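Peer 1: What follows is each chain in one-letter form.
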Amino acid sequence: MSDSAESPTETQKEEIHPPPDDSATNDDKKKIDVLLKAVGDTPIMKTKKWAVDKGRTVQSLAQFISRFLKLDATEQLFIYVNQSFAPSPDQEVGVLFDCFGSDGKLVLHYCKSQAWG
Amino acid sequence: MADDKDVLRDVWFGRIPTCFTLNPDEVTEREAEPYYLLLPRVSYLPLVTDKNFPDVDLLHCPSNSVVEAHFMSSIKEADALKHKSQVVNDMQKKDHKQLWMGLQNDKFDQFWAMNRKLMEYPTEEGGFRYIPFRIYQTTSDRPFIQKLFRPVSTEGNPHTLFDLLKEMCPDALTKDGEEKRFQVVIHGIEPLLETPLQWLSEHLSHPDNFLHICIIPTPTD
Chain D
1 MSDSAESPTE TQKEEIHPPP DDSATNDDKK KIDVLLKAVG DTPIMKTKKW AVDKGRTVQS
61 LAQFISRFLK LDATEQLFIY VNQSFAPSPD QEVGVLFDCF GSDGKLVLHY CKSQAWG
Chain C
1 MADDKDVLRD VWFGRIPTCF TLNPDEVTER EAEPYYLLLP RVSYLPLVTD KNFPDVDLLH
61 CPSNSVVEAH FMSSIKEADA LKHKSQVVND MQKKDHKQLW MGLQNDKFDQ FWAMNRKLME
121 YPTEEGGFRY IPFRIYQTTS DRPFIQKLFR PVSTEGNPHT LFDLLKEMCP DALTKDGEEK
181 RFQVVIHGIE PLLETPLQWL SEHLSHPDNF LHICIIPTPT D
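Protein sequence lines, in the order shown, are assigned to chains D and C. Everything in the first sequence is counted per UniProt numbering, starting at 1 for the first residue and increasing by one. Everything in the second sequence is counted per UniProt numbering, starting at 1 for the first residue and increasing by one.
This is chain D alone, in the form it adopts within the complex:
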């Protein structure tokens, strides 16, 4: 991934927006809602809810979180879905949302060390 990739849109959302009542499919929307949760002693993001482009990769999101938290370049960041598996870095968040999202959002846990193997 190149460093010139832009960060996810910094839409500040403090409350959870309910999914639309009409049957608009996910394909109609280009962004999905992601909720970031810190694990262990990993710093907590001040803004937890983000609208992220569906085509954004897990690696790109991890890099964004690292930069946002001002982590050391050498520090690794692990991302987990459903508190059970770490998706492949090249996986798109849109696919994860379609398969593992709930209540209109994708919850991702992030950690500086391996939390769930």
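No lab work stands behind these hints, which were simulated from the structure alone. Mixed in with the good hints, there may be bad ones.
[Claimed, not checked] Computed list of lysine-lysine pairs in DSS-like fashion (alpha-carbon distance at most 30 Å, straight line):
1) K112(D) to K84(C)
2) K147(C) to K49(D)
3) K175(C) to K105(D)
4) K48(D) to K37(D)
5) K175(C) to K31(D)
6) K48(D) to K147(C)
7) K117(C) to K93(C)
8) K54(D) to K147(C)
9) K48(D) to K107(C)
10) K117(C) to K94(C)
11) K84(C) to K105(D)
12) K31(D) to K147(C)
13) K30(D) to K166(C)
14) K54(D) to K30(D)
15) K30(D) to K147(C)
16) K37(D) to K54(D)
17) K147(C) to K37(D)
18) K37(D) to K84(C)
19) K112(D) to K94(C)
20) K147(C) to K175(C)
21) K84(C) to K49(D)
22) K37(D) to K93(C)
23) K37(D) to K97(C)
24) K54(D) to K166(C)
25) K112(D) to K97(C)
[Claimed, not checked] Here are some of the chain C residues that sit facing chain D, going by a computed Cβ distance under 10 Å:
26) A80
27) I145
28) I216
[What the hints assert, rightly or not] Label pairs and their computed distance ranges (CB to CB):
29) A38(D) to P158(C): 56 to 64 Å
30) T47(D) to F20(C): 46 to 54 Å
31) R116(C) to T74(D): 38 to 46 Å
32) N105(C) to Q114(D): 20 to 28 Å
33) P62(C) to Q114(D): 17 to 25 Å
34) P43(D) to Y35(C): 47 to 55 Å
35) A38(D) to A69(C): 15 to 23 Å
36) S65(C) to A73(D): 18 to 26 Å
37) T74(D) to E194(C): 52 to 60 Å
38) D72(D) to L193(C): 36 to 44 Å
39) A38(D) to F20(C): 29 to 37 Å
Keep in mind the model is a prediction, meaning the values are calculated, not measured. No residue lacks a Cβ here, since even glycine has one placed at the ideal position from N, Cα and C.
Since the structure of chain D is provided, determine the placement of chain C on it from the hints.
Peer 2: Chain C only, in chain D's frame:
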């Protein structure tokens, strides 16, 4: 059925004749001969190619442990879909290791001793919770299609490969009276579209427990 178990072996031992040629930019004094390998269909390229080969710059895998991590994350993602991760989480670390070692060392029995647990499901359910699949289309800008899809309909009827394609990429299916434009290929063959998806998932998945389905335009010659 005894025949079904044979399918597992056929999938595991499938091979692709491959020819590697050196990039002309890398040729030095003497001419490099083409290099031929019979690659296992189900393995990963970084595992079978020599360190001396020019780098395959897709998902960069500098070491075997990176390939292992990628493999295990696929296994876990597949089980999240099939069993809400219950089966893979009940396995011990050494069981996970056995899956990887079986694949890495081309040991069918070692691999399937563990993998069979990932292929079980409660009898009353009729199948997995959702089927782990990825559909690759040469004519699409998306890397692949992966969505939630149940193996059994709400009425209790088994879903077929046809049902999956109808839902995910209906254009791949041939309409009545039309010429066949696309081939639906898994492990190099075209399974019958009436094949139950649950059966395909249990028998024709890759070792990472995903059904990798390719939609390719029908060859014209």
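Peer 1: Hint by hint, say whether it matches the structure.
Peer 2: Here's how the hints hold up against the structure:
Distance restraint check for K112(D) and K84(C): the Cα-Cα separation of roughly 25 Å lies within the 30 Å cut-off, and the hinted pair is therefore satisfied. Of the supplied pair hints, the one linking K147(C) and K49(D) holds, its CA atoms being roughly 23 Å apart against a limit of 30 Å. The suggested pairing of K175(C) with K105(D) is violated, with an alpha-carbon distance near 37 Å, which exceeds 30 Å. Restraint check for K48(D) and K37(D): the C-alpha separation of about 7 Å stays at or below 30 Å, so the hint holds.
For the hint pairing K175(C) with K31(D), the CA-to-CA distance comes to about 33 Å; that exceeds 30 Å, so the pair is violated. Note on K48(D) and K147(C): the hinted pairing holds, with a Cα-Cα distance of about 25 Å set against a maximum of 30 Å. With a C-alpha separation of about 14 Å, the suggested pairing of K117(C) with K93(C) holds against the 30 Å cut-off. With a C-alpha separation of about 13 Å, the suggested pair K54(D) and K147(C) falls inside the 30 Å cut-off, and the hint holds.
Under the criterion of a C-alpha separation no larger than 30 Å, the hint pairing K48(D) with K107(C) is inconsistent with the structure, at around 45 Å. For the hint pairing K117(C) with K94(C), the CA-to-CA distance comes to about 14 Å; that is within 30 Å, so the pair holds. Restraint check: the Cα-Cα separation between K84(C) and K105(D) comes to about 18 Å, which is no more than 30 Å; the hinted pair holds. Pair hint K31(D) plus K147(C) holds up; C-alpha atoms about 16 Å apart against a cutoff of 30 Å.
Distance hint between K30(D) and K166(C) is fulfilled; the C-alpha atoms sit about 23 Å from each other, no more than 30 Å. For the proposed pair K54(D) and K30(D), the alpha carbon gap of about 6 Å is at most 30 Å, so the pair holds. Note on K30(D) and K147(C): the hinted pairing holds, with a Cα-Cα distance of about 16 Å set against a maximum of 30 Å. A threshold of 30 Å between alpha carbons decides the hint, and for K37(D) with K54(D) the separation of about 19 Å falls inside it, so the pair holds.
Restraint check for K147(C) and K37(D): the C-alpha separation of about 24 Å stays at or below 30 Å, so the hint holds. At roughly 20 Å between alpha-carbon atoms, K37(D) and K84(C) fall within 30 Å of each other, so this suggested pair holds. This hinted pair checks out: K112(D) and K94(C) have alpha carbons roughly 24 Å apart, not beyond 30 Å. Distance restraint check for K147(C) and K175(C): the Cα-Cα separation of roughly 24 Å lies within the 30 Å cut-off, and the hinted pair is therefore satisfied.
At most 30 Å may separate the alpha-carbon atoms for a hinted pair to count; K84(C) and K49(D) meet this at roughly 25 Å. Our distance criterion of 30 Å between C-alpha atoms is met by K37(D) and K93(C), whose separation comes to about 25 Å. The suggested pairing of K37(D) with K97(C) holds, with an alpha-carbon distance near 29 Å, which does not exceed 30 Å. Between K54(D) and K166(C) the CA atoms are separated by roughly 23 Å; this keeps the pair inside 30 Å, and the hint holds.
Proximity of K112(D) to K97(C) is assessed by CA-CA distance (about 23 Å); at most 30 Å being required, the pair is judged to hold. The beta carbon of A80(C) is positioned within 10 Å of a beta carbon in chain D (closest approach about 6 Å), and the interface hint is therefore held. At a threshold of 10 Å, the smallest CB-CB gap from I145(C) to chain D is about 8 Å, leaving the interface hint in force. A distance limit of 10 Å between C-beta atoms decides the matter here; for I216(C) the minimum to chain D is near 21 Å, and the interface restraint is violated.
Against the hinted window of 56 to 64 Å, the Cβ-Cβ separation of A38(D) and P158(C) comes to about 43 Å, which falls outside the hint. A hinted range of 46 to 54 Å holds for the C-beta pair T47(D) and F20(C), which are about 48 Å apart. Hint check: R116(C) to T74(D), Cβ distance near 41 Å, so the stated range 38 to 46 Å holds. Judged by the Cβ atoms, the range 20 to 28 Å given for N105(C) and Q114(D) holds: they are separated by roughly 25 Å.
P62(C) and Q114(D) have their C-beta atoms about 19 Å apart, which keeps the hinted 17 to 25 Å range intact. Taking 47 to 55 Å as the suggested C-beta distance range, the pair P43(D) and Y35(C) conforms, at roughly 49 Å. Against the hinted window of 15 to 23 Å, the Cβ-Cβ separation of A38(D) and A69(C) comes to about 22 Å, which satisfies the hint. Distance hint for S65(C) and A73(D): a CB-CB separation of about 21 Å, consistent with the stated range 18 to 26 Å.
Checked against the given bound of 52 to 60 Å, the beta carbons of T74(D) and E194(C), roughly 54 Å apart, stay inside it. A hinted range of 36 to 44 Å for the beta carbons of D72(D) and L193(C) is inconsistent with their spacing of about 53 Å. Between A38(D) and F20(C) the CB atoms are about 45 Å apart, so this pair departs from the stated range of 29 to 37 Å.
Checked against the numbered hints listed earlier, the structure breaks hints 3, 5, 9, 28, 29, 38 and 39; every other hint is satisfied.
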